[in-house]
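Please work from the sequences and hints to get the whole structure.
Number of protein chains: 2
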Amino acid sequence: MTTATPFEARQTRVIWPMSELTDHSGGHSLVDALTSGARVTLTWEDRQQAHFPLSWLRDHCPCTECRHTATRERLYIPLELPDSAPEARLEDGNLELAWADGHISRFDAGWLRQRRPGQESVDPVPARRPWAEGFQPARVAHADFVGGAAGERAWLTALLRDGLVLLEDGPLADEEVSRLAERIGPLRATNFGARFDVRSKPNPNNAAYTAIGLPLHTDLPNWRQPPDIQLLYCLENDAEGGESTFTDGFAAAEALRERSPEAFRLLSETPIDFRFQDEEHDIVWRAPILTLDHDGQLLEVRFNNWIRDSLRLPLDQADAWYRAYREFWNLVHDPRHRLEFSLLPGQMIAFDNRRVLHGRNAFNPNSGRRHLQGTYLDLDLLESRLRVLARSA
Amino acid sequence: MTTATPFEARQTRVIWPMSELTDHSGGHSLVDALTSGARVTLTWEDRQQAHFPLSWLRDHCPCTECRHTATRERLYIPLELPDSAPEARLEDGNLELAWADGHISRFDAGWLRQRRPGQESVDPVPARRPWAEGFQPARVAHADFVGGAAGERAWLTALLRDGLVLLEDGPLADEEVSRLAERIGPLRATNFGARFDVRSKPNPNNAAYTAIGLPLHTDLPNWRQPPDIQLLYCLENDAEGGESTFTDGFAAAEALRERSPEAFRLLSETPIDFRFQDEEHDIVWRAPILTLDHDGQLLEVRFNNWIRDSLRLPLDQADAWYRAYREFWNLVHDPRHRLEFSLLPGQMIAFDNRRVLHGRNAFNPNSGRRHLQGTYLDLDLLESRLRVLARSA
Numbered sequence: 001m002t003t004a005t006p007f008e009a010r011q012t013r014v015i016w017p018m019s020e021l022t023d024h025s026g027g028h029s030l031v032d033a034l035t036s037g038a039r040v041t042l043t044w045e046d047r048q049q050a051h052f053p054l055s056w057l058r059d060h061c062p063c064t065e066c067r068h069t070a071t072r073e074r075l076y077i078p079l080e081l082p083d084s085a086p087e088a089r090l091e092d093g094n095l096e097l098a099w100a101d102g103h104i105s106r107f108d109a110g111w112l113r114q115r116r117p118g119q120e121s122v123d124p125v126p127a128r129r130p131w132a133e134g135f136q137p138a139r140v141a142h143a144d145f146v147g148g149a150a151g152e153r154a155w156l157t158a159l160l161r162d163g164l165v166l167l168e169d170g171p172l173a174d175e176e177v178s179r180l181a182e183r184i185g186p187l188r189a190t191n192f193g194a195r196f197d198v199r200s201k202p203n204p205n206n207a208a209y210t211a212i213g214l215p216l217h218t219d220l221p222n223w224r225q226p227p228d229i230q231l232l233y234c235l236e237n238d239a240e241g242g243e244s245t246f247t248d249g250f251a252a253a254e255a256l257r258e259r260s261p262e263a264f265r266l267l268s269e270t271p272i273d274f275r276f277q278d279e280e281h282d283i284v285w286r287a288p289i290l291t292l293d294h295d296g297q298l299l300e301v302r303f304n305n306w307i308r309d310s311l312r313l314p315l316d317q318a319d320a321w322y323r324a325y326r327e328f329w330n331l332v333h334d335p336r337h338r339l340e341f342s343l344l345p346g347q348m349i350a351f352d353n354r355r356v357l358h359g360r361n362a363f364n365p366n367s368g369r370r371h372l373q374g375t376y377l378d379l380d381l382l383e384s385r386l387r388v389l390a391r392s393a
Numbered sequence: 394m395t396t397a398t399p400f401e402a403r404q405t406r407v408i409w410p411m412s413e414l415t416d417h418s419g420g421h422s423l424v425d426a427l428t429s430g431a432r433v434t435l436t437w438e439d440r441q442q443a444h445f446p447l448s449w450l451r452d453h454c455p456c457t458e459c460r461h462t463a464t465r466e467r468l469y470i471p472l473e474l475p476d477s478a479p480e481a482r483l484e485d486g487n488l489e490l491a492w493a494d495g496h497i498s499r500f501d502a503g504w505l506r507q508r509r510p511g512q513e514s515v516d517p518v519p520a521r522r523p524w525a526e527g528f529q530p531a532r533v534a535h536a537d538f539v540g541g542a543a544g545e546r547a548w549l550t551a552l553l554r555d556g557l558v559l560l561e562d563g564p565l566a567d568e569e570v571s572r573l574a575e576r577i578g579p580l581r582a583t584n585f586g587a588r589f590d591v592r593s594k595p596n597p598n599n600a601a602y603t604a605i606g607l608p609l610h611t612d613l614p615n616w617r618q619p620p621d622i623q624l625l626y627c628l629e630n631d632a633e634g635g636e637s638t639f640t641d642g643f644a645a646a647e648a649l650r651e652r653s654p655e656a657f658r659l660l661s662e663t664p665i666d667f668r669f670q671d672e673e674h675d676i677v678w679r680a681p682i683l684t685l686d687h688d689g690q691l692l693e694v695r696f697n698n699w700i701r702d703s704l705r706l707p708l709d710q711a712d713a714w715y716r717a718y719r720e721f722w723n724l725v726h727d728p729r730h731r732l733e734f735s736l737l738p739g740q741m742i743a744f745d746n747r748r749v750l751h752g753r754n755a756f757n758p759n760s761g762r763r764h765l766q767g768t769y770l771d772l773d774l775l776e777s778r779l780r781v782l783a784r785s786a
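Residue numbers (the numbering used here), protein chains in the order written: chain A, 1 to 393; chain B, 394 to 786.
Treat the hints loosely; a few may be bogus.
As the list claims (entries may be wrong) - Listed next, with one range per pair, are the computed distances between beta-carbon atoms:
# : chain 1 : residue 1 : chain 2 : residue 2 : range
1 : B       : Glu655    : A       : Asp123    : 48 to 54 Å
2 : B       : Asp686    : A       : Arg128    : 21 to 27 Å
3 : A       : Gln317    : B       : Glu647    : 30 to 36 Å
4 : A       : Leu172    : B       : Asn759    : 55 to 61 Å
5 : B       : Glu673    : A       : Arg128    : 22 to 28 Å
6 : A       : Glu243    : B       : Arg522    : 49 to 55 Å
Don't read these hints as lab results, they were simulated from the structure. We put the beta carbon where it would ideally sit given N, CA and C, even for glycine.
Here's what the structure looks like:
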């Protein structure tokens, strides 16, 4: 038997439907399937080989009894290990298993290849990339964002990668920020509402609603789960001052780790309280300024001087904590790492509120008007949207 | 000088306003304040003594320059340690500090006492309590919930403590669930909308929207941050079957830790993928079934057999993981730990979706109607609401 070349194989292989919507058409045909003990050894036509546990194969059966046809969800519950090996057959280069109890499972060869042990899934969601010196945000035209998948993908990719992206040349239309957000997912409502107006107001309950300068910060660190993504759409910006500022909190934290490991340790291991109170709310959460995963990688920055609550630390730890806080403050505000620019009417800045810090310079409310409309989105739904757009790319 | 008794002291002490809304009126007067090095040593009339760092006192100054009068937020930024000791004076039994630069800070004695180093804050939010054998959920009448703070507090306290509470004798009114939820906070919207109808539908995209039995599970473990609190309001329940089931996932996990430490370890240390796909969404998250904090305490259970995605584990780990999964499955579904009852029309069950698993028996959609309306809320806002209600208690 002559072996087909990979290219020919991809052209002629019979693709079996599986339960997921993800594409599995690109793989090679199978040329061998051998059961042995609690595993099946599969060989593809390019000699790639992989072992699959019987328990795994039974659990992943895509038949209509094991998967709901409409929801695609798993119905099979893996409560018993297969007690004897199935009969393995190849059909159209794909795998068919006949289990001892008569159940038949049919797996596409490409689908199995994507899932062989040790093989990671492929995901269009980009890795985070720290801002390099001189970083400037990617710009996407409003018309491209709303005009087709490519613009929206570019916007999503930049935002997920850099934590910041600028949309420009949009209409000066009330609620445009909500319309753009709802293309991605439902607005994430907080104690400030689902959509908020950033302008100088009488009786503010938040520093953003004044004209004072706002040092760099993250929003709502007093929530267990602060909002992920913030959108700020500029409708008016004629007042003197009011330039927007941003910095990559992860990059600043890494600079702190490099320069002052002890300060980094204190800020990542000392939980402090954040608290917001008004007549209607009293929202409290305790967490360190820098949250790390079990491997010491940064997960989140919580940094907001206004709503830092009373510091509850043993007497001998307070001064060291303040020194570490000050050091991080200075790094974050260092002009070398900080972006500063005026938002133009029709521009919308979007950023990852759990990574990128934002602020603004003071403005003079008597010199002109400044009005931004903002909302929040869940990162889960940005990633989801990028995956859906990538299906047809 | 004779020492006043504590009771008399509380009656006569002059309370100074501080920037927070929390009550600090209950403390004793100060009788001494001594600066020494970088600290001030305070003595209250009952001889309780505490040391406060100068850095801390400067940071917590409540004057109108250091705190915004309308937002109550901190304006002072602790960028410099106080370089010399302030002059400390007592006035009306409270503390006044005159700093070297002329700044004056005035602190109420009771406020300081609440915040002395080593003193934890008092919070009306109850600790979680595992379900004991024979646990039954607390019941609160709809009329009491909407009729005043006491009913709502009882409902919130039971829900936060037990992870489950039953509201009863409510009206059979469309959207009543939304009205009740909005007393607490904005609805938490997901890919299934802000408010969802649980009934058998044509073309379901979720097993809940069929008539099949639903084994115990948590909702949306494929989100980074699954919704915290779920409300399910029963409008109709005439069909045969459809009994609701619940179990305390934390208690079940602790039972697993006790009985099978290795299975517990595998489920808490092995991240697996959860994934939901339909035409509009592809939402993926990787996390272990049991999430622990750095001290090994349970933070969250993610358990949903329908949307477990392809298991990506090394060949030699798969069988052990399936055994551990099966063991936890059996514990969770053990009738000794599981509640089962029929929701009556006008009842609403609320539960902590990240702790308590829920399910239902299959029902016969031809035998009658079954219709629940559901939504989600953020735990942050339940806790906040309880704190606000406790202000006036």
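Here is how each hint holds up against the structure:
Distance hint for B/Glu655 and A/Asp123: a CB-CB separation of about 31 Å, inconsistent with the stated range 48 to 54 Å. Taking the beta carbon of each, B/Asp686 and A/Arg128 are about 24 Å apart, inside 21 to 27 Å as hinted. The beta-carbon spacing between A/Gln317 and B/Glu647, approximately 32 Å, falls within the hinted interval of 30 to 36 Å. At about 56 Å, the CB distance of A/Leu172 to B/Asn759 agrees with the hint of 55 to 61 Å.
With their beta carbons about 25 Å apart, B/Glu673 and A/Arg128 fall inside the hinted range of 22 to 28 Å. For A/Glu243 and B/Arg522, the Cβ-Cβ distance of about 51 Å falls inside the hinted range of 49 to 55 Å, so the restraint holds.
Hint compliance for this structure: hint 1 is the single one not met.
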